[in-house]
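A.B. asks: Next come the chains, spelled out residue by residue.
Number of protein chains: 2
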Amino acid sequence: MRPVDIIIKKRDGLELSPAEIRFFIEGYTSGAITDYQASAWAMAVLLNGMTDRETTELTLAMAASGETLDLTGVVDFALDKHSTGGVGDKTTLVVEPIVSACGLRVGKMSGRGLGFSGGTLDKMESIPGFRTNLSKEEFLLQLKEVGLVLTGQTDDLAPADGKLYALRDVTGTVDALPLIASSIMSKKIAAGAQRMVLDVKVGVGAFMKNLDQARALARIMVKIAKRVNRKAVALLSNMNQPLGNAVGNALEVKEAIDTLQGGGPKDFREHCLQVAGNLLLLGEAAGTLRAAKQRAAAALEDNFAFERFRQLVIAQGGDVSYVDEPAKLPSAQFIEEVPSPRAGYLKWIDAKEVGETSVELGAGRLKKGAPIDHAVGIVVHHKVGDKVEKGEPLFTLHANDKTKLTFARKRILAAHKWSPKKVKPLPLFYGSVK
Amino acid sequence: MRPVDIIIKKRDGLELSPAEIRFFIEGYTSGAITDYQASAWAMAVLLNGMTDRETTELTLAMAASGETLDLTGVVDFALDKHSTGGVGDKTTLVVEPIVSACGLRVGKMSGRGLGFSGGTLDKMESIPGFRTNLSKEEFLLQLKEVGLVLTGQTDDLAPADGKLYALRDVTGTVDALPLIASSIMSKKIAAGAQRMVLDVKVGVGAFMKNLDQARALARIMVKIAKRVNRKAVALLSNMNQPLGNAVGNALEVKEAIDTLQGGGPKDFREHCLQVAGNLLLLGEAAGTLRAAKQRAAAALEDNFAFERFRQLVIAQGGDVSYVDEPAKLPSAQFIEEVPSPRAGYLKWIDAKEVGETSVELGAGRLKKGAPIDHAVGIVVHHKVGDKVEKGEPLFTLHANDKTKLTFARKRILAAHKWSPKKVKPLPLFYGSVK
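Which chain is which? The protein sequence lines are F and V, in order.
In terms of our numbering, the first sequence is residues 1 to 434.
In terms of our numbering, the second sequence is residues 1 to 434.
Bound conformation, chain F alone:
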């Protein structure tokens, strides 16, 4: 087998065999196949597509390229969730404790934030001491003994995907559905996930800009899961406006804690209940989605979920006093509440603008490995459809730099649009794929 023949076969629109896909991914992982061959191949995949069979084989080949976890000795069904990334998406911080509070063990390996979408690990690291670099052994032990883990992916997990993703990023080959789907699913499968909820975000603040694309991605991922005897439910959720109110690491942790204690923004709470409900259903902790969501809501009301979150923080070395007194969490030097310059119904709060402004304030990173400021961010006080009066608080900026604050005020104001007429709230979900 020659790499160039595999590239040519895909270039000519033919289906690659499982052996060819494995040869290519193994070769790329070992370095026998070069970056310039992999990027030409990725462009051919982007432009010519892949069958479900090819995408599944690619997923399996990347999953097999490094260490794999087997959780079957610790749990009945290894549950997992994945979000394709959005603005204000602190869902994992609430959903995993809920699921744990409902009696199911759940361990998750998360990535870091890049670009305008924040990363779960970055958020959790607002809590001093919280470790996100557990070893495989620590992961398994904590999953068994505490029942709840939230840590970073090890470099050994699907290294082919890590290598290929970095290449795709600089060669214009990110936006290929088979490559996106296999990238996500290979990590889930390598991490041992057997039943999973995939939160596919759609909208200006998401990777998938339109519903057709998002649904196509969801369908491929669910199909891959089926083909390898796993179960996946994909939810198509709205990412045109931020999820919840808080955007920025410590601000999001506070909002998550609020939600875990039965409060929190209505949209975010409902989003978490939907994701948690689907996970509980997959984990057979409830017979129907309705019953599962009721169990999830109860876990919030009775503070069981919050207590699980506390145990998670303690287990991973975090200072739990920051959870008990969120006011202790990193706080910005300049906090400015910005009033609405006009009255009307909000018809648009641009999630991407909010996300990018938050990054510019220092809450995120544009380059892998860059440091972030846990304290800064934005709290938007309204949702599309809300009626606001002139002078009423519209959003609050948390900044550690005056110039950045001024810039952010202007940009976030421009991200809001008003209508004199009533505006319908945006839906939370556009449906699901099973």
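Accuracy of the hints is not assured; some may be wrong.
Same chains, same names: a pair is fine if it fits in one copy or spans any two.
[Claimed, not checked] EDC-like mimics (lysine to aspartate or glutamate), calculated; alpha carbons at most 16 Å apart, straight line: (1) Lys410 x Asp324; (2) Lys209 x Asp175; (3) Lys9 x Asp175; (4) Lys402 x Asp373; (5) Lys367 x Glu356; (6) Lys410 x Glu337.
No lab work stands behind these hints: they were computed from the structure.
Given the coordinates of chain F, assemble chain V onto it according to the supplied hints.
C.D. replies: Just chain V now, with coordinates in the frame of chain F:
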């Protein structure tokens, strides 16, 4: 400007601006743009195509990536010819002396053979002492004083093309018309060519397998020439069977000398007259193609062309006694005439099989820089359409290895096909593009 944005633009099927193309080629030449970005871009070009404007800009950018020759001080019109490569194609050895004999100066930079198609330089190097590595200054001086030059391309000529071609070869991106056309034309333009004949070969023994492809390539190249105020005529010539009879370096030199002395195979002679005629017309040495071909034929009959060939060999340090007594040229240890195993009309002599067998005998190279054996090769004695009797000589093998000879005999026999019924000869040309 970011390289990745240029890749994405081409990926999305948009037209690149001249500035973007120049930025990309300059960056690739300097190393600022990586191989893995260039290969992804090349795949996008292959799958999405390029407009004539883009292809022309790409040609100019590659031509400008290194040294360029300006022949206007030495000649009225810098003439050139190019063949896309075939089996038994020793046309340059005959055509350039004809053109020179008709009073026009002509200098050509040739490439080496790779794969089943032979290279002009390799053929000329059958003559001991013949130098193919003239400097730019030597080239210009000889063109002025001798009026005839045949040397190798310097590495400084369109280095972007050399680099990109090597990359395309291992990334499945060779077969892209805009890339093929710009590769050929960038070298011609960098070498200073103003009026040129492009011999586009079509058939099993050529790079272009079918007439539509070949015509499309011809059209693009002629258009590029027009857009940069040069003139090109493209001839579409048959490469299903070998051109002439001889395949292999010294064997082809002998056949060329024979032709230069008024003999040679009928098809090869006619091919040379057509190419030379078009060059003479472009060089304004004749008013019509008919008159130009008559001049060319006269140059063969009166031995003027042969004398020009002698002067070329002398000028470049070759031992002219080998031209005067071709029997001195390298000769193989084993020469075997193979009789026809049956009677009939020849309906197929596979040029690719003949070319590849010749390479296996040692006449060509599969890898750049590999040594070649000038003595070995094949002489096919017939053309498609010929009637042969059983036992009549079908082809002669020239080998330096018994095992290879046995193998070659079998393969060349299998490359011939007979018919009991009359078979029409193959056309020499399928037309031309101006």
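A.B. asks: Go through the copies and call it for Lys410 and Glu337: within, between, both or neither, with a Cα cutoff of 16 Å.
C.D. replies: within (13 Å within a copy, 89 Å between copies)
A.B. asks: For Lys410 vs Asp324, is the C-alpha pair at or below 16 Å within one copy, between two copies, both, or neither?
C.D. replies: Answer is neither; intra-copy 35 Å and inter-copy 87 Å both fail.
A.B. asks: Is the C-alpha distance from Lys402 to Asp373 at most 16 Å within one copy, between copies, in both cases, or in neither?
C.D. replies: For Lys402 and Asp373, only the intra-copy Cα distance (15 Å) is at most 16 Å; the inter-copy one is 77 Å.
A.B. asks: State whether the alpha carbon distance between Lys9 and Asp175 is at most 16 Å within one copy, between copies, both, or neither.
C.D. replies: between (21 Å within a copy, 13 Å between copies)
A.B. asks: Between the shortest in-copy and the shortest cross-copy C-alpha distance, which are at most 16 Å for Lys209 and Asp175: within, between, both, or neither?
C.D. replies: Close inside one copy (11 Å), not across copies (34 Å); limit 16 Å.
A.B. asks: For Lys367 vs Glu356, is the C-alpha pair at or below 16 Å within one copy, between two copies, both, or neither?
C.D. replies: within (13 Å within a copy, 51 Å between copies)
The structure shown violates just one earlier hint, number 1.
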